[in-house]
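Work out the full structure: start from the sequences and follow the hints.
Those sequence lines, one after another, are chains A and B.
Heads up, the first sequence stops at 253 in this note's numbering, and the numbers go up one at a time, no gaps.
Heads up, the second sequence stops at 1479 in this note's numbering, and the numbers go up one at a time, no gaps.
Just so you know, the hints here were simulated from the structure itself, not pulled from any lab data.
Some hints could be false.
Take a look, some chain B residues computed to stay more than 12 Å from chain A by CB distance [as the list claims (entries may be wrong)]:
id : residue
1  : Arg1002
2  : Ile1045
3  : Pro1053
4  : Val1060
5  : Lys1066
6  : Leu1081
7  : Thr1184
8  : Gly1188
Across the chosen pairs, the derived CB separations fall in these ranges [to be verified]:
id : chain 1 : residue 1 : chain 2 : residue 2 : range
9  : A       : Ala104    : B       : Leu1408   : 39 to 47 Å
10 : B       : Leu1408   : A       : Arg38     : 27 to 35 Å
11 : B       : Asp1061   : A       : Ala15     : 29 to 37 Å
12 : A       : Arg51     : B       : Ser1445   : 31 to 39 Å
Calculated from the model, a selection of chain B residues having no Cβ within reach of chain A, i.e. all distances over 12 Å [as the list claims (entries may be wrong)]:
id : residue
13 : Pro1003
14 : His1004
15 : Ala1046
16 : Leu1054
17 : Ile1088
18 : Gly1091
19 : Gly1092
20 : Leu1115
21 : Lys1123
22 : Asp1206
23 : Ile1274
24 : Arg1369
25 : Val1402
26 : Leu1413
Everything numeric in this text was worked out from a predicted model, so none of it was measured.
All residues carry an ideal CB built from backbone N, CA and C; glycine is no exception.
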Amino acid sequence: MGIRGKILFGFLVLAGMLFLAGGWSIYELTTIGASVQRLLDDNYKSVNAARSMIEALEREDSAILLLLSGNRKEGREIIETADLSFQQEFRIAQKNVTIPGEKAYVDNVEKAYKNYKDLWEKPIVGTDRERNLDYYFREVHQSFLDVKSAIERLMTLNDGVMYETASNLENRAHRAVMPGIVAILAALIFTFVFNYFINYYLVGPIIRITKGIQAFLDTGETFQAKIETKDELSLLASSLQQLVSRSLNRDEI
Amino acid sequence: MRPHIIFRYSGLILLFNALFLFISCLISLIYMDQALMPLFYSAVIACLFGAFPLLFVPSVDDITNKEGFTIVVSSWLLSCLVGLVPYILYGGEFTLTNAWFESVSGFTTTGSSILTNVEALPKGLLFWRSSTHWIGGIGIIIFALSVMPSMGRAGMVLYRAEMSPLGMENFHYRTKKTLKILVTVYVGLTLAETLGLLLCGMNLFDAVTQSFATIATGGFSTKNNSIAYFASLPVEMVIMAFMVLSGLHFGLLFTAVRGKIAEIWRSPVSRYYILAMGAGLLITALDIHGTRYPAWTDSFRYAAFQVISLGTTTGFATADSTLWPIFSQLILIFFTLQGACAGSTSGGIKTDRVVLFWKGLTKRITKTRHPHAVIAPKIGDLAVDGEMLEVGLLYIVLYIGVVFGSSLILTALGVDAMSAFSGSAAAMGGVGPGFGIVGSMGNYSLIPDPGKWVLTIDMLLGRLEIFALIMFVTARSWK
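Below is the structure:
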């Protein structure tokens, strides 16, 4: 290969390494962006909905206690508002099924909540259930705990996936940074090696050729320059050798 | 010394590494795993660095001894450096120290790992991990020589760096033929074991990777529980057979394949290697019977696998030997230190030097009893001269000294004595697992980072038989 090709190849290697590292880093960073968006869309929304459902459920529980103590108007008002809020959040969770197996968890919440609602939808004030704490602990509170644990299971599932995605993001960030670091180090080493070759195979022969010509001019001795490679420099050296030989022959004639 | 020559021939080794990195990329692509980009980028870097010197540096056939040693050692170091790139790019459990440890452990065919969950790694990276064993196993140098156009004189200069003196005993061939023999035996054994494991019901990926690790006497498994995962006697039998074969001198194996099987038994070194392993197996089986395993069959099965695995410096496991009686553990440590035959892919002191040691001892005792006797000890047809004895014994002392020294450093870093000593011996001998926290079912993740660097130096010293590395470090003052 000629000198031009060798130098071009050297720079292409450097450019190739940096281009590949840069491309990969950009790809990883884009993926990180997409993953963050997915994390927010898929999991955070569900976790938030679950948290609001638990809040609504706790308000419903307080309202039931008000009904049991005979405060019908206040109790019904709170329980209906809380129910509306629960339904709203539940629909968000229902529409946001993104994890394999998550649908079963959502269905469990729906089933448990239906059982719970059946208990408080029936009249309480003015019936034998009013001031009946035994009824509350035996049926209502148990049903409340069932719904709560079903929501908590849904939340744990999403939390787990969120943690996994976040860990993966950390790894992705590492992968976005590392190609750059490796490329910089590799480019540094490569530059050192490239510089050595340029010195040894290009600059060195040029110096030897110059010294050969200088020696011929100063002392008239035969031109000699040892060139290891077969490129433009070896052609130059042999051309110069011929030129010097002819010049010497002409002088002799 | 001519640095450009070093660049050229070390570059060829990088190209060979790049080839395996590209194959690992293909595996990654097939399984659509996350190691594709790390492997591809590493392959490109290795390829560019390997190919570039070829453009500038013309081929030569007048490599000097000094250059030969430098090429050998720098090839190992460069391969270890390139080998860590995919790990570090992949991330996960691989910090810089961990990636270096895993890479050195792979190329030196040690098989120690820092991974707490091997099975979590992508298939492409697992394949690369096993490939480092395979490349390292035969000696990167031999691969370089097989692709070098100037294999004549230059070849032998390079090859000498990896041979203990007695390793030459069975090599009466010329260099080119020797290399062909080594490659043929190595590839043949790998193919035969892969086929054997496939017949035992193992899938192709596992069969190839376990074969890479066995023939290179490495020990990296693709499973957290090593070979115990497969829980299969036929699989264990196949692996045991190939571990024993891989511990023999490859020249002898080639002679055996050509019909002269008796040559294996005729060689005093391989005879000692087989008999020592048989004795070790028997003693260990007797010791663990009743204490760990109620049935004789189990005692022999597990003793055989563990003794052969450590005796050939492979490091696979089918049982947690850290739970065995201390007597059995000491027997296993003896085999960890001893290793198998020179001229094989195994590490350790090597049985050749142990035989040499006994010859020297016998000579000394006879000389004490008969001071005027003229004794010329022989191993097989080879006359053992004073220099050979001196170099051999010096090597053993130096070897144990290095193991002791690195054990001291590890204990200073807070590692317990058993783990420190067995870990150092296992690293130096290219075995892999030791005892204590670095036992056969454990890993090296709990060793502090400076300790991991010490162990990688042990691995390199052991693989390059100490002297080559010393020569490399002192290359400037070489005459």
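Hint-by-hint comparison with the structure:
At roughly 9 Å from the closest C-beta of chain A, the C-beta of B:Arg1002 falls inside 12 Å, breaking its exclusion from the interface. The Cβ of B:Ile1045 does not lie farther than 12 Å from every Cβ of chain A; its closest approach is about 5 Å, which violates its non-interface assignment. With a least beta-carbon separation of about 7 Å from chain A, B:Pro1053 fails to lie farther than 12 Å from that chain, contradicting its non-interface assignment. Remark: the non-interface label on B:Val1060 conflicts with the geometry, its nearest Cβ contact in chain A lying 9 Å away (cut-off 12 Å).
For B:Lys1066, the condition that its CB be more than 12 Å from all CB atoms of chain A holds, with the nearest at approximately 18 Å. Not every C-beta of chain A lies more than 12 Å from that of B:Leu1081, the closest at about 9 Å, which undercuts listing it as non-interface. Chain A leaves B:Thr1184 outside its interface by the beta-carbon criterion, the shortest separation being 35 Å against a cut-off of 12 Å. With a cut of 12 Å on Cβ distances, B:Gly1188 stays outside the contact zone with chain A, its closest approach being about 37 Å.
Separation of A:Ala104 from B:Leu1408 is about 58 Å and departs from the stated range, judged on CB atoms against 39 to 47 Å. In this structure the supplied range 27 to 35 Å is violated for B:Leu1408 paired with A:Arg38, their Cβ-Cβ distance being about 52 Å. For B:Asp1061 and A:Ala15, the hinted distance range of 29 to 37 Å is satisfied, since their beta carbons lie about 35 Å from each other. A beta carbon spacing of about 37 Å between A:Arg51 and B:Ser1445 agrees with the range 31 to 39 Å that was offered as a hint.
Listed as outside the interface, B:Pro1003 is inconsistent with that label: its C-beta sits roughly 7 Å from the nearest C-beta of chain A, within the 12 Å cut-off. Chain A draws B:His1004 into its interface by the beta-carbon criterion, the shortest separation being 6 Å against a cut-off of 12 Å. The Cβ of B:Ala1046 sits about 10 Å from the closest Cβ of chain A, inside the 12 Å cut-off, so the non-interface label is violated. Interface exclusion of B:Leu1054 from chain A breaks down, the closest Cβ pair being 10 Å apart, not more than 12 Å.
A cut-off of 12 Å between C-beta atoms contradicts the statement that B:Ile1088 is not in contact with chain A; the least separation is 6 Å. For B:Gly1091, the condition that its CB be more than 12 Å from all CB atoms of chain A is violated, with the nearest at approximately 4 Å. The claim that B:Gly1092 is not at the interface with chain A is violated, since a C-beta of that chain comes within 12 Å of its own (minimum 6 Å). Taking the minimum C-beta to C-beta distance to chain A, about 15 Å, the non-interface status of B:Leu1115 holds against the 12 Å cut.
The claim that B:Lys1123 lies off the interface holds: its Cβ sits roughly 17 Å from the closest Cβ of chain A, which is beyond the 12 Å cut-off. Every beta carbon of chain A lies more than 12 Å from that of B:Asp1206, the smallest distance being close to 26 Å; the non-interface claim holds. The Cβ of B:Ile1274 sits about 47 Å from the closest Cβ of chain A, beyond the 12 Å cut-off, so the non-interface label holds. Residue-level check passed: B:Arg1369 sits 61 Å from the nearest beta carbon of chain A, beyond 12 Å.
Residue placement check: B:Val1402 keeps its beta carbon more than 12 Å from all beta carbons of chain A (closest about 30 Å). Look at B:Leu1413: its CB is around 27 Å from the nearest CB on chain A, clear of 12 Å, so calling it non-interface holds up.
When each numbered hint is compared with the structure, violations occur for hints 1, 2, 3, 4, 6, 9, 10, 13, 14, 15, 16, 17, 18 and 19.
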